[in-house]
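A.B. asks: Following the hints, position chain H against chain U.
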Amino acid sequence: MNSGANPVLALAWTFGLMSLFAVGGANSAIPEMHRVAVDVQHWLTDRQFADVFAISQLSPGPNVLIVTLIGYSVAGVTGALVATLAMCVPTAVLAYLVSHLLSRSSHSRWPAIIQAALVPLSIGLMGASGLILALTSDRSWAAALVTAAAAGLAFATRLNPLWLLLAGGVLGFAGVIG
Amino acid sequence: MPPESPPGALAAPEAPILSPPGLIALFVAFAKMSLAGFGGVLVFARRGIVDHHRWMTAEEFNETFALCHFLPGPNIVNLSVVFGSRFRGIPGGVAAFAGLVGPPVVIVTILAALYARFGEIEALRRTLAGVSCAAVGLLISVVLRTLIGKRDVVGLILMAAVFIAIGLLRLPLPAVLLAAIPLSIGVTFAMRRRAVA
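Protein sequences appear in the order of chains U and H. Just add 2 to the spot in the first sequence (first one is 1) and you have the working numbering. Just add 170 to the spot in the second sequence (first one is 1) and you have the working numbering.
Chain U on its own, in the form it takes in the complex (with noise of 0.2 angstroms):
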């Protein structure tokens, strides 16, 4: 990867390489996306990320358009676009040709396998995105705070996470988080 080239082909390979290997979902890409963007490439700050990872959440739709405001601050409009094809085209792709390879030998216990395995996987890489996301934007003991009280009560209750994002929101407002 040069980073010197053309920063469009640069997305490109970058989220089509991260669209085969993010095992688990878009989710378990995070840490890759953060080494590349802002450790290797330098397209964002830590501040920058974790502010597109919370408008990423707020937006509806797929939690893979992440890519879509890092393609942005890229390369305006067209990085936009190119980051969400190259992120979702490559394995569209893969998962039509084994659902049709499938549906003509469903009898194979690989895919059960191979299921398996790859949970464990993708668990581990969901807890390094949380990790990585904590480190960039947990930037005081309040902020800590607000995480914790966030992960205990989307754990322990049903409570709709758009609330927990809007109080985090008002939080951060009112100048609590620093």
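Don't take every hint at face value.
What the hints assert, rightly or not - So the derived label-pair ranges between C-beta atoms look like this:
1) U/8 to H/272: 47 to 53 angstroms
2) H/356 to U/161: 37 to 43 angstroms
3) U/157 to H/194: 37 to 43 angstroms
4) H/327 to U/111: 19 to 25 angstroms
5) H/349 to U/41: 33 to 39 angstroms
6) H/326 to U/80: 42 to 48 angstroms
7) U/7 to H/290: 46 to 52 angstroms
8) U/104 to H/290: 20 to 26 angstroms
9) U/177 to H/357: 48 to 54 angstroms
10) U/159 to H/326: 24 to 30 angstroms
11) U/103 to H/323: 31 to 37 angstroms
The set of hints was computed from the structure by calculation and includes no laboratory data. Glycine residues also receive a C-beta, built at the ideal position from the N, C-alpha and C atoms.
C.D. replies: Okay, now just chain H, sitting in the frame of chain U:
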């Protein structure tokens, strides 16, 4: 495009499908589910496909979703393509995908443009910082829920290894998974054989 394999091979004989959805119906249905889905579309996809439209039974939906979950990439995107192509071939897959991703991409792109213009305003910065703290908490709660009742030691070791490699050592994802996936499949396969023997 070559014709799809015979209809009998595609859907279970007792499938509840009254009439297979057309391309526009697929686009509209997935656009609605997607725009309703704050913080994840899956719940709305199940409600729309199984309860509202009755395009699939709950069991068929779960099977399709399991397939899309073990494939890499955004699960719900995979689901839209697999689902749409079942009814209308490749054009159906494209229509469902465009419905799922198109309208929210327009919204998110507008938000991105607003953020690029106003992101440095202090009040907005503080608010977004608060939202992201809460959003991280939500993600952590999902991880905690999946951890409940996990007793399988090998699985927990693999989980911890991936967590350390990606979260603490910050190694590249492809490299970690190219090592972890074959290892995990091998271990799972060996353990199942031992369980059978």
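A.B. asks: It remains to establish, for every hint, whether it holds in the given structure.
C.D. replies: Evaluated hints:
no.: 1; hint: U/8 to H/272: 47 to 53 angstroms; in the structure: 25 angstroms, violated
no.: 2; hint: H/356 to U/161: 37 to 43 angstroms; in the structure: 41 angstroms, holds
no.: 3; hint: U/157 to H/194: 37 to 43 angstroms; in the structure: 41 angstroms, holds
no.: 4; hint: H/327 to U/111: 19 to 25 angstroms; in the structure: 24 angstroms, holds
no.: 5; hint: H/349 to U/41: 33 to 39 angstroms; in the structure: 21 angstroms, violated
no.: 6; hint: H/326 to U/80: 42 to 48 angstroms; in the structure: 44 angstroms, holds
no.: 7; hint: U/7 to H/290: 46 to 52 angstroms; in the structure: 28 angstroms, violated
no.: 8; hint: U/104 to H/290: 20 to 26 angstroms; in the structure: 50 angstroms, violated
no.: 9; hint: U/177 to H/357: 48 to 54 angstroms; in the structure: 50 angstroms, holds
no.: 10; hint: U/159 to H/326: 24 to 30 angstroms; in the structure: 27 angstroms, holds
no.: 11; hint: U/103 to H/323: 31 to 37 angstroms; in the structure: 33 angstroms, holds
The structure does not agree with the numbered hints 1, 5, 7, 8 stated previously, though it agrees with the rest.
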